[in-house]
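A.B. asks: Just need the whole structure built from these sequences, with the hints factored in.
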Amino acid sequence: MSLINPFDPNVKLHAGCSCGQHSSEAEHLEAESAALNRRMVENTVMRALFPQDVERRRFLSAVGVSTALAAISEFIPFGALEAFAQDKGPLEKKDLKIGFLPITCATPIIFAGAADFYGKEGLNVTLQKTAGWAIVRDKVLAKEFDASHMLSPMPLAISMGAGSNATPMVMPLMENTNGNAITLHVKHKNNRDPKNWKGMKFAIPFDYSMHNFLLRYYLAANGLDPDRDVQLRVMSPPDMVANLRSGNIDGFIVAEPFNQRAVYENVGFIHALTSEIWNNHPCCAFAASEDFVKHNPNTFAALVRSIMRATVFVNKAENRKGVAAMIAPANYLNQPPTVVEQVLTGRFADGLGQVRNEPDRIGFDPFPWHSMAVWMLTQMKRWGYIKGNVNYKEIAEKVFLATDARKRMAELDIAAPKSTYGKHQILGKEFDPSKPEEYLKSFAIKA
Amino acid sequence: MTAHFLSVEGLSKIYPTADGKPGTPVFEDIHFAIERGEFICIIGHSGCGKTTILNVLAGLEEASAGGAIMDDREIDGPSLDRGVVFQGHALMPWMTVLGNVAFATKSRWPDWSKAQIEEHCTTYLEMVGLGHAIHKKPAELSGGMKQRVGIARAFAIEPKMLLLDEPFGALDALTRGTIQDELLKIVRATQQTVFMITHDVDEAILLADKVILMSNGPLAKIAEIVEITMPRDRTRAEMHHDPQFYRIRNHLVDFLVNRSKSYAGSDAAQLHDAKHPPVVRPGLVPDGTPSGDNGGRPVLKQVVNQ
Amino acid sequence: MKTTLTFRAAVLSLFIFAMFIGTWHLATQAPKESAAAQAVNAEYAELMGKGAEKTGGFPSPEKVGSAFVKYLSDPFYDNGPNDKGIGIQVGYSLLRVGTGFLLAMLFALPLGFVIGMSPLMTKALNPFIQILKPISPLAWMPLALYTLKDSEVSGIFVIFICSLWPMLINTAFGVAGVRRDWINVARTLEVNPLRKAFLVILPAAAPTILTGMRISMGIAWIVIVAAEMLVGGTGIGYFVWNEWNNLALPNVIFAITMIGLVGMALDLGFGTLQKFVTYRE
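Chains as they are written, first to last, in my numbering: chain A, 1 to 447; chain B, 1001 to 1306; chain C, 2001 to 2281.
Derived by calculation from the structure, the hints in this document are not laboratory data.
None of these values were measured; they are calculated from a predicted model.
Warning: the hint list may mix true and false statements.
Listed below are the simulated PhoX-like cross-link pairs for lysine-lysine, each with C-alpha atoms no more than 25 Å apart in a straight line [claimed, not checked]:
#1 B:1021 <-> C:2149
#2 B:1136 <-> C:2196
#3 A:393 <-> A:294
#4 C:2149 <-> A:97
#5 A:429 <-> A:387
#6 A:423 <-> A:435
#7 C:2133 <-> A:294
#8 C:2149 <-> B:1137
#9 A:195 <-> A:407
#10 C:2149 <-> A:94
#11 A:393 <-> A:321
#12 C:2149 <-> C:2133
#13 B:1160 <-> C:2196
#14 A:441 <-> A:195
#15 C:2196 <-> B:1137
#16 A:93 <-> C:2149
#17 A:93 <-> A:407
#18 A:143 <-> C:2149
#19 B:1136 <-> B:1210
#20 C:2123 <-> B:1114
#21 A:316 <-> A:387
#22 A:387 <-> A:435
#23 A:441 <-> A:381
#24 A:187 <-> A:198
#25 A:423 <-> A:441
#26 B:1136 <-> C:2123
#27 A:94 <-> A:120
With the C-beta cut set under 10 Å, the calculated list includes, among others, these residues of chain A facing chain C [said to hold, decoys possible]:
#28 238
#29 331
#30 381
Over the 10 Å line for every Cβ pair with chain B, so calculated as not near, a few chain C residues [as the list claims (entries may be wrong)]:
#31 2021
#32 2090
#33 2119
A virtual CB, placed ideally from N, CA and C, is assigned to each residue, including glycine.
C.D. replies: Written as structure tokens, this is what we have:
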């Protein structure tokens, strides 16, 4: 399609553009291509939503094009989509501050810094180690961090205003899958059946965390009501190890390397990896506010590209040892290298005298499944963190940018799933994302 | 009234009581005058309002009624025209001796150079015999030396009148005598007008031209004004050889011991004319004349109305 | 006589210190690896970090000592934003404390003057001061983070707010308590208000004001450590948190000692300053 008709008799030859609204032809072209871009994005979304031409036309003629667009933009962040569409443009912001917590979940974010993947995209990223999830949340909301490592349920919760002021967040990619464990005090060596855990005290890292949801799910599946039969306390990971040593708590669920660290310190043993509850469950994420993405679409795209590349690199088994050595020093995780290595390689001491070999102990898969977001939302509702009617899909699709991730992955030659929704097996029970309410109803134990 | 250098007219002071209502006046309807170059002492028991009168003259306190006019101008606040020597020397302990005097001098003559100020201060400090201690801090000085600095500070601003609030009260007798001599010397040399509170009868006789006697408060009045009729060049060492000395001294002591407290009910009080308090000259009354042994009546004979 | 007393005290101090270290040493002697000895196989023992430096229990004085040597021998290294030498970290903390403290001074001294000079202001402002004063400085932290939207500014604000009260109250108290005589001297000398404030009231109240400043600095130094542990990033408080995150107790103890030493130095500094402005009467 040609933008200017060269035979158009109305084309002005003096200063100004062909439509008369811009001061030069170049500006006109730019504006037109931006508009074109937007239209293309909107068309793509339309086609994605209504793959059948007939159906789409019926819908459009029924509600009108502008109404349809308005309705769709309610739950599709067009701004972010456009950001992806035109990401080859100049970077809006080069000096970025990104927060992370010193856990192995942050491996791609850290590695992208340590190996200067950010620099290759022209970004100058300062990785800021942060003391806790609440501070990560506050610093992102205060715009002190441009983007940050987060627990994957956090952007959902923040967007909905659970535990904070409602601020729209986007999550362009997942950091890691698995990578957590339930650790028990060594005195519980022979107390491995969760059915007998009534009255025990467990530590969790944050309310809006997969850790919390997985532990609750696990306990409830074994007949314990997590709000009544056990005590759950929010704690920072080093406090967990110290409290486990002193016997203040019986166990904890937390990100690595703190489970392995408890083993290393001879105070605990790994009761179960979370992959045993839900293999390839989502864990941590990379997230930014929608506002940041809107104002810095090109920067954001470059950021996502660098982390995605890092994710692919660190996921390869042959790279794990080297990555462990790179992220263990004080500037990043500040942990004994062997502890980090045991987590990343999956060959580890379990605290019970056995060396286990679990290559899937932690995985790095950037794809932010919408279905996983829906699962998190069902659990938030299950335990009373959110109330009332939840439009699962709308929120999931607004926050988890799975469609964009797929495009981005394709560009980087990473295989991406065809659908953004999948069925998941959690402790043998199937979760169907298309029936969240029915799934919720199927639980006997809930808040 | 002809223009006196300073005239106090109808002064009275009422302090509020604890519950905020006005109390009995400490003193009321006080009138007296001071001429240029005169040395006036005021004597009275505690609570008669001496210090209040001095503070009103200094401009530090306001009278409840009446006022004071100095050099044809009403006193309505503190002024460099009146130098004050405080009871407790009131030196700034963080400044040196020189610093204290310089602080005053600089206030009087803000445009003076540092050297000018230092020279001026040194002159006055040498006058009180402290030339050797100008760089010391007050804490390094004895009580007498501190009070000397206070005097030097007050003189240094060359005020029209000097107000001294019992300046030697806290000093031992020996020191007091020395400083009294010095003060006398300076005052004579400078022709300074002085208003001074004292409890010491000998001090008053030595220094004053007139002694104002206050009856006891509350409702204190000027009972009489005693003129010291001894020659002005008297010295501490010689003055007790003068026959007038004991007459005056006895008169004053008698007033303080007996008449000051009974004054309110006495005949003298009934004859009291606040605007013209009786002026007496006990020094000139020949020996043998009864004086002060039965109320104020005999004294009235020596009244010289101004 | 005086030197001998000092000398004897020094000897006794050294003896107490030696006893303390000795007891500590004996108390932290690790029992011979009994649990690890029965390890199933060599690889397991390897993974459990056999032979490696471990933090099991309370660290021995030797380990703490080596932490001292390690950090003090290179106090200004910079291995990226999250790993800097102790000198740099202390510098960050001092900078924050200094800024907050200075701001508090700029606010507290003039306001304290006004309050101290005016009984009306004293009465009017007293309720506010009484309510705000006992609030824990760290309780302001979330509020500050939320409203100021900047952790650096929030940290400084918390220092500001905790330094404020002792300075404000002591300034007001000191100014109100300036001897009437001195004020009267200034009045009879017709000293202008500014000269009176700086040459009479300020020096007269200085010892009291400085006591307030000394108390403020003590509180500020305690608070900055807690604030930095909370907010992270840089500073000695962050250093403590970062080492705690690694469960590296020798390093934590080293940092605690440094906090104590710097706090002591600050206090000594203010003590000297206090001596300088204190006058004998």
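A.B. asks: For each hint, tell me whether it holds in the structure or not.
C.D. replies: Here's how the hints hold up against the structure:
1. B:1021 <-> C:2149: violated, 56 Å
2. B:1136 <-> C:2196: holds, 22 Å
3. A:393 <-> A:294: holds, 22 Å
4. C:2149 <-> A:97: holds, 15 Å
5. A:429 <-> A:387: With a Cα-Cα distance of about 24 Å, the restraint between residue 429 of chain A and residue 387 of chain A holds, given a limit of 25 Å.
6. A:423 <-> A:435: Holds, at about 11 Å.
7. C:2133 <-> A:294: violated, 43 Å
8. C:2149 <-> B:1137: violated, 53 Å
9. A:195 <-> A:407: violated, 45 Å
10. C:2149 <-> A:94: holds, 21 Å
11. A:393 <-> A:321: violated, 39 Å
12. C:2149 <-> C:2133: holds, 24 Å
13. B:1160 <-> C:2196: At roughly 23 Å apart (the allowed maximum being 25 Å), residue 2196 of chain C and residue 1160 of chain B satisfy the hint.
14. A:441 <-> A:195: holds, 22 Å
15. C:2196 <-> B:1137: Holds, at roughly 20 Å.
16. A:93 <-> C:2149: holds, 20 Å
17. A:93 <-> A:407: Roughly 23 Å separates the two Cα atoms, so the pair holds.
18. A:143 <-> C:2149: holds, 7 Å
19. B:1136 <-> B:1210: Violated. Residue 1136 of chain B to residue 1210 of chain B sits at ~37 Å, over the 25 Å cutoff.
20. C:2123 <-> B:1114: violated, 42 Å
21. A:316 <-> A:387: Measuring from Cα to Cα gives roughly 41 Å; hence the hint is violated.
22. A:387 <-> A:435: holds, 18 Å
23. A:441 <-> A:381: holds, 11 Å
24. A:187 <-> A:198: holds, 16 Å
25. A:423 <-> A:441: holds, 17 Å
26. B:1136 <-> C:2123: The given pair, whose Cα atoms are some 40 Å apart, is violated under the 25 Å limit.
27. A:94 <-> A:120: holds, 12 Å
28. 238: holds, 5 Å
29. 331: Holds. Min distance 4 Å.
30. 381: violated, 27 Å
31. 2021: holds, 45 Å
32. 2090: Fine: 34 Å to the nearest Cβ keeps residue 2090 of chain C off the interface.
33. 2119: holds, 15 Å
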